[in-house]
Amino acid sequence: MGIKKVRIRIGLDGRTQFKVEGGQGADCIEFTRALEQAVGNVEKRELTADYHEAATEQVRDELKERRL
Amino acid sequence: MSHFTRVQTVIRDQGLLEEALRQLNYQFQSGERVPVRGYQGNQESAQVVIDTGSEYDIGFQRQDDQSFAVCTDWWGVRNKTKLREESFLQELNRTYAHLAVKRQVIAQGLIIEEENILPNGEIELVVCERF
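In order, the protein sequences belong to chains C and A. Going by our numbering, the first residue of the first sequence is number 358, and it counts up by one from there. Going by our numbering, the first residue of the second sequence is number 277, and it counts up by one from there.
Calculated directly from the structure, the hints in this document are not laboratory data. Hints are supplied without guarantee of correctness; some may be wrong.
[Stated by the list, open to error] Subject to a maximum C-alpha distance of 25 Å in a straight line, what follows is the list of computed BS3-like cross-link-like pairs (lysine-lysine):
(1) C:K376 with C:K401
(2) A:K378 with C:K401
(3) A:K378 with C:K376
[As the list claims (entries may be wrong)] Far from chain C, some chain A residues (derived; all Cβ distances over 10 Å):
(4) Q290
(5) L297
(6) Q299
(7) P311
(8) D327
(9) R379
Just so it is clear, CB atoms sit at the ideal spot from N, CA and C, and this is done for glycine as well.
Please model the complete structure; the sequences and the hints are all you need to start from.
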């Protein structure tokens, strides 16, 4: 996994967007949680493709472990 | 990229609020019960109060949930000053959010890799882990 990065865009309407790049799965949500809380209340959170990929891989690994 | 979040600014930290007001060059007073002057001498009290240079003040009152709410007579402020509700709140929220992010970055030991003001006036920061 690469270095986690977050792109933060502070808009003119008092809303701030956080986009995590290079993180995967639940780990990347933890990465920005404190930053988000410092600014205000989360209105919307969308998980993108990588998140589900990571989760699927995790399930696959777990299944593999069980088989072993 | 694995997630995207949208956050509405909520002013909860009095120190950051005061820092944002200073950055925007407002004159203000803070205390437990600072008077907020409004229509026909009506008065409320608030913890942080901006002197708008008129007989109408803009106050910030701490709420039960610890956030600050604006208390003012916008009608009076609009008539007696150049301040406008929408642009005032947008500028304040944006400045507060910027300061809040920067303080949290330091607290978490992260690094600001890039910081730009975009042509449309938005502020963009790229923050990364220390490596």
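Hint check:
1. In summary, the hint linking K376 (chain C) to K401 (chain C) is supported, as the alpha carbons are separated by about 12 Å, within the 25 Å threshold.
2. Simply put, K378 (chain A) and K401 (chain C) have alpha-carbon atoms about 22 Å apart, close enough for the 25 Å limit, and the pair holds.
3. With a C-alpha separation of about 16 Å, the suggested pair K378 (chain A) and K376 (chain C) falls inside the 25 Å cut-off, and the hint holds.
4. Residue placement check: Q290 (chain A) keeps its beta carbon more than 10 Å from all beta carbons of chain C (closest about 14 Å).
5. The Cβ of L297 (chain A) sits about 16 Å from the closest Cβ of chain C, beyond the 10 Å cut-off, so the non-interface label holds.
6. Residue placement check: Q299 (chain A) keeps its beta carbon more than 10 Å from all beta carbons of chain C (closest about 14 Å).
7. Under the 10 Å C-beta cut-off, the non-interface status given to P311 (chain A) relative to chain C holds; the minimum distance is some 27 Å.
8. Non-interface call for D327 (chain A) relative to chain C: holds, since the shortest CB-CB distance, roughly 23 Å, exceeds 10 Å.
9. Its closest Cβ contact with chain C, about 7 Å, brings R379 (chain A) to no more than 10 Å, contrary to its assignment away from the interface.
Hint check: a violation occurs at hint 9 only; the rest are consistent with the structure.
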